[in-house]
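Protein chains: 2
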Amino acid sequence: MREVAVVGVGMTRFGLSQKTQVEMFAEAATDAVNASNLRLKDIQALYVGNADGNVEEGQAVMAPMCAADLGLSGLPATTFQGACSSGTLAIINAFVWVGSGIFDIVLAGGTERQRTMSTPLATRMMGSGVHSKYETPTGLSFPGIFAMMAHLYAQKYGIPLSELKEAMARVSFKAHKWGCINPKAQFFGKEVTMQQIRESAMVASPLQVYDCCPISDGAAAAVVTTKEIARRLTDKPVQIIGVGQGSSGGVCTQKDITRIPAREMSAKRAYAMAGIGPADVDVCELHDCFTIAEIVASEGLGFFEPGDGWKAVVRGDTDIGGEKPINPSGGIKAKGHPVGATGAAQVYEIVNQLRGECGNRQVEGAKIGMTDTMGGSFASIAHALLKRGW
Amino acid sequence: MREVAVVGVGMTRFGLSQKTQVEMFAEAATDAVNASNLRLKDIQALYVGNADGNVEEGQAVMAPMCAADLGLSGLPATTFQGACSSGTLAIINAFVWVGSGIFDIVLAGGTERQRTMSTPLATRMMGSGVHSKYETPTGLSFPGIFAMMAHLYAQKYGIPLSELKEAMARVSFKAHKWGCINPKAQFFGKEVTMQQIRESAMVASPLQVYDCCPISDGAAAAVVTTKEIARRLTDKPVQIIGVGQGSSGGVCTQKDITRIPAREMSAKRAYAMAGIGPADVDVCELHDCFTIAEIVASEGLGFFEPGDGWKAVVRGDTDIGGEKPINPSGGIKAKGHPVGATGAAQVYEIVNQLRGECGNRQVEGAKIGMTDTMGGSFASIAHALLKRGW
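Residue numbers (our numbering), protein chains in the order written: chain V, 523 to 912; chain P, 523 to 912.
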């Protein structure tokens, strides 16, 4: 395997878009290519994460359509379907196709447009991310799954639910604090107080509105290339030093959803490839589709002991300036969650953090960053580890 | 890149299944693993092509669900969405992940279950394979697209339509002749005469029922590994010597649909990687979703000059025993077309042909075989070149 780098990233603002998924991807991709000091004609292949374009817009074969819209018709163009992890799958596959020596410069990312759909249709579509034979018939939706996770977490570690809810509210508050000043975030410019969070409507007890990520439109992209080419293009290359992937058959196959073995296995693979451990990670964008999900993920990645993640939030360890800054972009909670794009947007944030270009949201001195996405009911989990320079 | 081989293949019978897509894949995969003299626990990652499981069964994240059903929960499991080319994308990605050195033994294939759907719903779902912004609003469906292809082919090369139709009927007759004796084929045991073909109902002029492939359920899989491991497992390894991929933005972006640049570029990439040309291919499974598609593909792959493919059919060149045997399995036309599985089923046939295990359908002495799949309205095209031994 050759060494592989990201040389440029781009993303649309997340939120409500009048553009199609193809057009949003073209916007993000063009920004990524320009930021890489390349031209579109330099791209040799296209990898696009997209979960449900066939349902949302009657558009399958997303990657070929994106290639054509960019004037790159003819190029190899592959679409990855891994629910909320789709964008990460596109990027880790770009990593291996470049690393293998087959391609030198690949455009990878993701796109999704979900706000075109009514809530019942969106709920049904999201529901295809669970086990269709054993979970769908129960009527369990994602808020229900993560509500169970919160109850089980509180019970397992003997935490009064009111205390856990306060920690979850702080996850939300942190997300909105940084999302509010991230111009790409769905909730950019929207200040949210602890009182608003505490008083928001109940969705699935104990999850309230501010414990849940929004439905979003958006796209993000990255240019992936070799070390040699990266050196010629930029003095701020970001190396991909490890990737990992794990799977499960959904909630119905889990013994204890306060731990997710697929995540732990995937993270272990990524750390092993990179030759590092959790302590080496300076900044992480992880899958906070619900506030409790951030707490559980922060433990699954090895940042905190099982049962300690909620305390770390309360201590401020996961805030910018803390010991282990998590989701300085505002995360899925405040940045938004166009599912196929989410993994690529995490890479967008980490690359900018490692380059020191995040302004008031900057994690000072960050050298190693991590992304974590989880698709479906814990079905598809993927990780990328990135490092500043060489 | 390390050298890569297929050591075992498996497939369900194509047709109507009571099993889910996950269960069909598990059947094909188990057969492939057993045929490889391996155990399921030897598999390190899973790559599954699936076009529309989220619509067909409310099941997205297909690969993780397949992994769990096989008792392989936890493994990296990636789903590829390339419409009818999905299964080929899974296999060529297995090729690169093994070639790169990251994994040693990967299970790759595809699955699709489409006969659960009513015709209007199936038509709508299939329609997501075209360009949703420019083609869908025209009402153009796949039979319409390939009917246009037949008319344009006849016009371009000055062929009386009745003569072209006779050549197309012979494509169908050949497909059913071999599908009739292929136990895995949807139309196994069904003899079809030229008279039946000529007298079948009109679908989209000039395409009649016997010019069109059926709607199908099915799955197919292959075990992909390194040369070294293959040598230990089997005395009949089949090497993957080249892969290719190409894309387009659909019919609306094509100047002349009697030639498909995406296919020609993809095939060129595959031939270049393998260091061979069309003349070296002894047997080919190509994308005959409609009879005219077989003729156009046979030219696009370089087997015949543009405008000569229909004559080759009439001469018998594309039959078993002819100069360039095409679709000895019965092809998509008679074997069936569960879209996500089709590319993997082509690899299944080619591997068996190169091993000399096809009985009455055997292409004698075949050393090099090719697969060709086309997804959407020419949006995603992929190729694999396989070679007997080393």
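Warning: the hint list may mix true and false statements.
No copy is singled out in the list; a pair is fine if it fits within one copy or between any two copies.
[Claimed, not checked] Straight-line distance between alpha carbons at most 30 Å, and here's what the computed DSSO-like set of lysine-lysine pairs gives:
hint	residue 1	residue 2
1	LYS777	LYS749
2	LYS790	LYS749
3	LYS909	LYS541
4	LYS712	LYS749
5	LYS563	LYS655
6	LYS541	LYS833
7	LYS790	LYS758
8	LYS678	LYS758
9	LYS790	LYS541
10	LYS563	LYS790
11	LYS541	LYS655
12	LYS655	LYS909
13	LYS563	LYS777
14	LYS758	LYS655
15	LYS699	LYS563
16	LYS833	LYS563
17	LYS846	LYS655
No wet-lab data here; the hints were simulated from the structure.
A quick look at each hint next to the structure:
1. LYS777 / LYS749: neither (42 Å within a copy, 39 Å between copies)
2. LYS790 / LYS749: both (24 Å within a copy, 28 Å between copies)
3. LYS909 / LYS541: Neither: 33 Å inside a chain and 46 Å across chains, both beyond 30 Å.
4. LYS712 / LYS749: neither (40 Å within a copy, 57 Å between copies)
5. LYS563 / LYS655: between (45 Å within a copy, 24 Å between copies)
6. LYS541 / LYS833: Neither way: LYS541 and LYS833 sit 42 Å apart in one copy and 47 Å across, limit 30 Å.
7. LYS790 / LYS758: Intra 27 Å, inter 36 Å, cutoff 30 Å: intra-copy only.
8. LYS678 / LYS758: Neither: 45 Å inside a chain and 54 Å across chains, both beyond 30 Å.
9. LYS790 / LYS541: Classified as neither; 38 Å inside a copy, 35 Å across copies.
10. LYS563 / LYS790: Classified as between: cross-chain Cα gap 19 Å, same-chain 37 Å, threshold 30 Å.
11. LYS541 / LYS655: Cα proximity of LYS541 and LYS655: across copies only (11 Å, versus 35 Å in one copy).
12. LYS655 / LYS909: For LYS655 and LYS909, the Cα distance exceeds 30 Å both inside one copy (41 Å) and across copies (40 Å).
13. LYS563 / LYS777: between (49 Å within a copy, 21 Å between copies)
14. LYS758 / LYS655: For LYS758 and LYS655, neither the intra-copy (48 Å) nor the inter-copy (38 Å) Cα distance is at most 30 Å.
15. LYS699 / LYS563: neither (40 Å within a copy, 46 Å between copies)
16. LYS833 / LYS563: The answer is neither: 50 Å in one copy and 39 Å across copies each exceed 30 Å.
17. LYS846 / LYS655: neither (39 Å within a copy, 45 Å between copies)
Comparing the model with each earlier hint shows violations of hints 1, 3, 4, 6, 8, 9, 12, 14, 15, 16 and 17; every other hint is respected.
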